[in-house]
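*Asks:* Bring the two chains, given one by one in their own frames, into a single complex with the hints.
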Amino acid sequence: MTRLLVLIALVAPAALAHDFWIEPSTFQPAAATTITASLRVGEDFLGDPVPRNSALIDAFVVRDIASERPVPGVENRHPAGIVRVGNGTSVIHYRGKGSLLEQTPEKFAAFLFEEGLEHVARASRRPHRERFYRYAKTIVGRGPGFDTQFGDRLELVPLLDPRVSDRVCFRLLFEGRPLANALVAAIARDDGRRFAARTDRDGKVAITLPPDGVWLVKSTHLVAAPPSSGAEWESLWASVTFSR
Amino acid sequence: MGVPVGIRHLLALILLATPALGHELGTTRVHAVLTDETYTIDVLADRETLQRRLARRPGTFRDVADIRFGERRVIPEVALLADRVRYSGPLQPGAFTWRFELVSTRYPLTIDARGERVTQWIDGDARSAPFTRRMSFREYLVLGFTHILPLGADHILFVLGMFLLTRRTRDVLAQVTAFTVAHSITLALSIYGVVSVPASIVEPLIALSIVFIAVENLIVREVRPRRVLLVFAFGLLHGLGFAGVLRELGGDFIRALVAFNLGVELGQLAVIALAWLLLTSWSRHHTWYRQRVLVPASLTIAAAGLFWMLERVQS
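Taken in sequence, the protein lines are chains A and B. In case it helps, this note's numbering puts the first sequence at residues 28 to 271. In case it helps, this note's numbering puts the second sequence at residues 7 to 321.
These are calculated hints, taken from the structure and not from any lab test. Certain hints may be false.
One side only, chain B facing chain A, incomplete, derived with CB under 7 Å [to be verified]:
#, residue
1, G32
2, Q57
3, R59
4, R62
Residues of chain B placed beyond 10 Å of chain A at every Cβ, according to the derived structure [unchecked claim]:
#, residue
5, R58
6, L263
7, L283
C-beta atoms are modelled at their ideal positions from N, C-alpha and C, and glycine is treated no differently.
One chain only, chain B, in its complex shape (with noise of 0.2 Å):
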């Protein structure tokens, strides 16, 4: 329905049409559209120019895109159509940027993504300001998800250093909501600005947690009110933790809290359900579970936490 592409195209560039700094108005267009697995960027400009530039300089069409998702250079496919030439391939995290080298006059860079429509206009073989393409909620789900399995082995180890002090499920309930609530709030908190904490404070605090309950799996024999609110406190932290993720990804940030954090919950109730399938089938003698198994898995949690510690001090 409604007005037909070229007439839309033409509109947006005559809405456009600023006086932008540059070389004068070219023919050529750019146009770029982002899926969620792909790429494909549409080079339509004069391709008598194009061959002959091509033809007095090394390489190919290939070397002449300079396609970047953050730092990182893409190599495309490359196919030759009637009237444009494409480039194409697999979406890469990290911000997109695009350099065209054959190309010498100012021309429009629109990309597509997700619904949302940008036009950049880049000056000859100017490099394109930073596209940040909105994520998925399932993007940010997946995301929160592998934060904790199998990326997360200091947020595993302080789940499992929470869950290994007892199997009773109104304790280990107790501990995981604590927990949740706690991480969600610093989360939201640092993501709009209210809080700011430097990593090189948070990650070494983190790891002393993960030493702290750990140590308290030595000590304490149940889960008492004072052992939620200690889980509680690190939960604030580990929040702090994740945040750093979520704003180096930018975005969309109430679609983004609410789908990674679900993907953080799901994450850690993998843990401990896989944790829970471990334990509990051979390990209801109390006696014999703590020493052969809190006593030495607690150890080595803490010997982990502390190493860990000691590591992100001195870096």
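One chain only, chain A, in its complex shape (with noise of 0.2 Å):
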């Protein structure tokens, strides 16, 4: 089955929905030092660095057992955040406003399919205007506080600490509620290996993964957009990024 989803993987054509992560410059820190941390859009664990651009910006913070601050770095620069990390573990979040993307009927219908949306909306016929919401968390350093939520519209909020648990368990929440049936996988990024499962009533999923490896968690949900908002739907991304 594993080898069966590494080869799906492998022939995929040109990507069609792409995947928002953060990539810390390190995931185990040493105390009190700074890191950085990279904003990436791709596929497979795969991404184009995105410089930093405040107009998109909702939050950037990180926190730790002791505080949340923002994240400082350089307008328009690569990498888009530098952080300043304490003792333990340090929850770096970035929380996007919306952006809007032209959706023609067969990047949608392979959209649909690939995040495993098909339930939740039917193939269109004409093209259409999507806005885009990232919501996407790292965790770096050791210890508790991994669980720390944001209130995103969309979190995946882990229930063990996926750095060291055998198991990956995750509950996914869409607006506070248990999103129940959403497909959620986890990329590694050595080589794009990739484990998915749906979630159960009480919008939770467990994966087993490999010991190590830095991996990426991910879910994407689907809503009707408002009306006269400029768009018909609006895709919500939530990633969490970690290394085993």
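*Replies:* Below you can see the structure in the form of structure tokens.
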């Protein structure tokens, strides 16, 4: 089964929908050091650097046991953020403002298939606009605090520490409530290996992962956009990155 | 003099920073330079990401860049330079488009061609909008010339048919001038959209004009004003035919019109000059010129015209 999934990842056609995640310069920083946080857009955990663009940032913060602080950075520069980390676990969080995307019927159909959203929306017959929102987290350091929540519209909350547990276990929340039957995928940075499962009625999902490597866990949800918002759909992209 | 290139680029980017549709703006930049003979496309991107993406899929850097002129995809030379991947090759006719498969973010594609600069925003692996380069005066000139010699067999036969009737300089000049003025008029009018006649009508009529002029060679014996008028009328038709070629190319009309027309003229003069060289040296005696040259040649031309006409009506 794993082999089959890997194969699918390798022969997948040119990407249609792109994930968004945070890649820190290190997942195990020494205490009281400065690391960078890159924003990345891509597929199969292979992303293009995204320079800091304050027009798109709703929130860009780092939270640890002591406090929550904004992540500073230089406009239009990559890496987008510079983070001073303390002891223990730090979670860096990014919440984007919505951006518009033009969807063709073909791309939309492929997107629904790829993100496991075919039970949410039907393929459209004509091009339409979609507003997409990014919700990304990365967990660095060690110790408790990995399960801190930021109240994003779509949020993956770790129930076990994904850096150390055999099975990674997340609860997916949509507007604060568990979201059932949503596809959650875990992707390895080294080779794009992919493991996926759907959430249960409590929005919970458990995936057994190899004991090492850098991982991206992601899920995408789709909701009808409010009337006269200039878009027909809103897509919500949640991601968490961590190292095992 | 003036602003350094880097800052100019930056200014151009800021000026163009419109709220475009698509993914987040990445760090990738693509710069295409189209000269009269070559294209060079530089992809400035995060090299590590490119390499890793490439490693996970079949193919090479050559396969992930889809460069087209018109519908035709070209196979470029690829050079991996310190800070960029460079694609290059000989320029081809047709509108230029670009698609690059190894990028997920939105990026600017800057195209430089003959002093003109255009920037397009491309979202990830989407194809760019077609870019038509302005052709040079010389290129239009060559295009006009080759449209007669060697490509325009029908125009060649018409010009020959016109010339065969008489080799008196004055008569040749009168006909050539009438033809030129006429086709220049309709070429200009249809380029500017004043007249528009579909090729399905113009092309068979051009063939018919060849038959007509050749048959007339068999009937009349000298160039009269009526003949010049006829040539003028047919010239109007041929101009509509030339316009089709130019309209397909697009671009800068006035310059295209003048240069293309000049090319057509030179092509016609070349045909006449060749015919003159071949015929006048040994055909001074009018009696057998008519029998052995004019009649068989005109019949052949008429037959060719008839064949084209039937062929064009059918298609």
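*Asks:* Decide, hint by hint, whether the structure agrees.
*Replies:* Here's how the hints hold up against the structure:
Below 7 Å, beta-carbon pairs count as interface contacts, and B/G32 has one with chain A at about 4 Å; its hint therefore holds. Because the closest C-beta pair between B/Q57 and chain A is about 10 Å apart, greater than 7 Å, the hint is violated. The restraint placing B/R59 at the interface with chain A holds, with a minimum CB-CB distance near 5 Å, inside the 7 Å limit. Look at B/R62: its Cβ gets to within about 6 Å of chain A, closer than 7 Å, so that hint holds up.
A Cβ of chain A approaches the Cβ of B/R58 within 10 Å, the least distance being about 6 Å, so the stated non-interface status is violated. Distance check for B/L263 against chain A: the nearest CB is about 38 Å away, which clears 10 Å, and the non-interface claim stands. The claim that B/L283 lies off the interface holds: its Cβ sits roughly 59 Å from the closest Cβ of chain A, which is beyond the 10 Å cut-off.
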